[in-house]
Each structure stands twice: as C-alpha cells, then as structure tokens.
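Position one of the sequence shown corresponds to residue 1 (full-length UniProt numbering), numbered consecutively onward.
Mixed in with the good hints there might be a few duds.
What the hints assert, rightly or not - SDA-like mimics (lysine to any residue), calculated; alpha carbons at most 25 Å apart, straight line:
| id | residue 1 | residue 2 |
| --- | --- | --- |
| 1 | K91 | A72 |
| 2 | K247 | M194 |
| 3 | K131 | P121 |
| 4 | K237 | E204 |
| 5 | K156 | R141 |
| 6 | K237 | M303 |
| 7 | K50 | Q64 |
| 8 | K82 | M95 |
| 9 | K82 | A69 |
| 10 | K237 | A251 |
What the hints assert, rightly or not - Here are the simulated distance ranges between beta carbons:
| id | residue 1 | residue 2 | range |
| --- | --- | --- | --- |
| 11 | E175 | L239 | 55 to 65 Å |
| 12 | L130 | S88 | 56 to 66 Å |
| 13 | R139 | K96 | 33 to 43 Å |
| 14 | N278 | A250 | 15 to 25 Å |
| 15 | D142 | P121 | 29 to 39 Å |
| 16 | G164 | L130 | 48 to 58 Å |
| 17 | E99 | V155 | 52 to 62 Å |
| 18 | E99 | L137 | 28 to 38 Å |
| 19 | L90 | L137 | 35 to 45 Å |
| 20 | I178 | N278 | 20 to 30 Å |
| 21 | Q138 | I178 | 38 to 48 Å |
| 22 | A253 | A169 | 40 to 50 Å |
| 23 | G98 | A69 | 41 to 51 Å |
| 24 | A69 | L90 | 25 to 35 Å |
In case anyone wonders, no lab produced these hints; they're calculated from the structure.
The C-beta atom is built at its ideal place from N, Cα and C for all residues, glycine as well.
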Amino acid sequence: LCVHHILGQRVLSGIARSRGGAPISAWAAPQDTISASHRAVHVQALARNKAPEELAENVMHTKQELHHAQNAALMEKVQRRKLEAEVSRLKASLMKSGELLTNKERLVGPSVGMSQLYRSPDTTHLIGNLKDENRKLQRARDELADEVLSLQRSVKATRFAELGAELFAAQQELERMIQMNAMLEERVAAAEDMAAAAAAQADEATRAVDEYVAVGAPLGAVQLSQRSSISSTGVRKTLSGMHAAHKLLAAQAAALRAAFPPGLPAAAFEERARRSANTAGAPDVLNFLRNHVARLARDLDGMPNNGDAEEGDDGAATAPPP
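Please work from the sequences and hints to get the whole structure.
Next up, the structure:
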C-alpha cells in the first residue's frame, strides 16, 4: 500500500508539472469543494485502481489533446485576424465609394457650371487648349493616313508596271525559244531524211553486193576459166558489182560524216550514236568500213601500180586504159 501511495504521488506530481506546475486540484476537482483528506483519499484510489503505465499513457493522450487544442485555437485566432482585416478593407472601400458617388452627384448636377466643374478658370482654359491641340493632332493624323494611302497606291502602280515589263520580256524569250525549237526540229527532220536516204542507198548497195556474192568468189589462178570474174567476158559484170559495192560503202561513209563531226573520240562517238535510234548502228558500220579498208589494203599489198590507180567520177578506182 505504501508503494502504491508513493507511485501515485509521483505520477500525480508528473501530471502537475506537465500542466505548468498546477496543483492536483486544477484537473482532479475544484479546490473549494475537495478537502485535503478527500484529496489524499482520491489520490490513493487512483494509485490503487490504475497502474503507473496506464496513468502515464493517459497523461500522454491528454498532452496530445492539449497540443491539438492549442493549435486549433491559434488557427482560429489567425483566421479571425484575417477576417477583421478584410472587414476593415471593405469598410474603407465602402466609404470611398460613398464619397465618389456623392461627388459625382454633386458635379453632374444641372446647376453646376463648367467653371465650377473644373474648379478654376485656369483649369478650364487649359482644358480648352488641350482639346484644340487634340483636334489639330487628329487632323494631322487623318492627313498622314491619306498620304500613306496615296503612296501605297503609287507603289502598287509602279510594281504592276514592273511586273508587266517582266511578263513582256518573258513572253519575248518564250517566243524566241519556240522559234529555236522549231529550227532544231527542222534540222532533226532533215538529218532523219538524210539518214533514211542513206539507209535506202545502203539497202540497194547491200542487194547489189548480195547479187555479186551469189555469183561466187574468184577462184585461184589454176582454176580460172574463160568465164571467170576477171576474164574478158566477165569483167564488165565484175566491175558493175564492184561499183555498186563501192557506192554502198561510200554512201555509208557519207552518212557517218553527215551525222557525226570528224575528230570525235571513240567514247564520244558511241555515246552520241546511242542518243537516237536512227544512229544507233553507226559504230558497227564504222567498224565494218575500217576492217574492209584494212583487209583490202592487206590483200592488195605487193600488187603492181599500188597507189597509182585513178579514181572515176563515183570515187571507184579504175584500171588504166590499155
């Protein structure tokens, strides 16, 4: 019992200190209603009925509730101050509004003149001068606006004239390009006609060569007969076929010279030939002519009168008269 009494006293003393040094009667019961004997009995009852841990937990809960209550009171105090400041501001605004309304009713009254409205003759004179200046500035602004509009119209007219001149120049250039294109088309057509004529001549010469080849190649010296190609009876037919073959080869050479300028490298020659279907076979024709001339020169090498033969009207070599 003594131990419980001592523990109860310590717990109650801690509670009292946590409440700012207030006596037990500050939270247990009013001092004027509880005597010292009853207080001792009450403390002993608390010490007997509750454990120290439970009392300490109650004290902690009480402290937390007190802290929350203090915070809530502080927030309410701050909110009340804010509301009081807002009320003061609204009162001041209301007073200013009332003063402005009263002054407006006084100034716009029918019995108030302009001099009373602006309070003094000097102010009235100043206002009049400012109005005159404002009217002058407005007139100057209107004049500047008209001048800007006229300048814009002038610039538009000048630009329109420039565009018209550019359009005329472009039309002239277009007409010139059309004329050049027509001339080029005429030249291309003429070249195509020349190529077609050369092709026709080539076909005719090819046919003549085929007829000559069909007669048969000349035989060796031991096999020649009186009707051979170089005999007195067959030489005219032989020369006729040779003339036809020469015309064919000369026509092909003339077609090559008409379509291609002399002095072109082989690569440039082939590239230019591939540009058109009418000249795509030019490299093959040129190779044939080169090989034919080289073979003739090789076969006739060592023959008499080499290089002394005369040329006829058609370019073919003819034998000297007997």
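Of the numbered hints stated previously, which ones are contradicted by the structure, given in increasing order?
1, 12, 21
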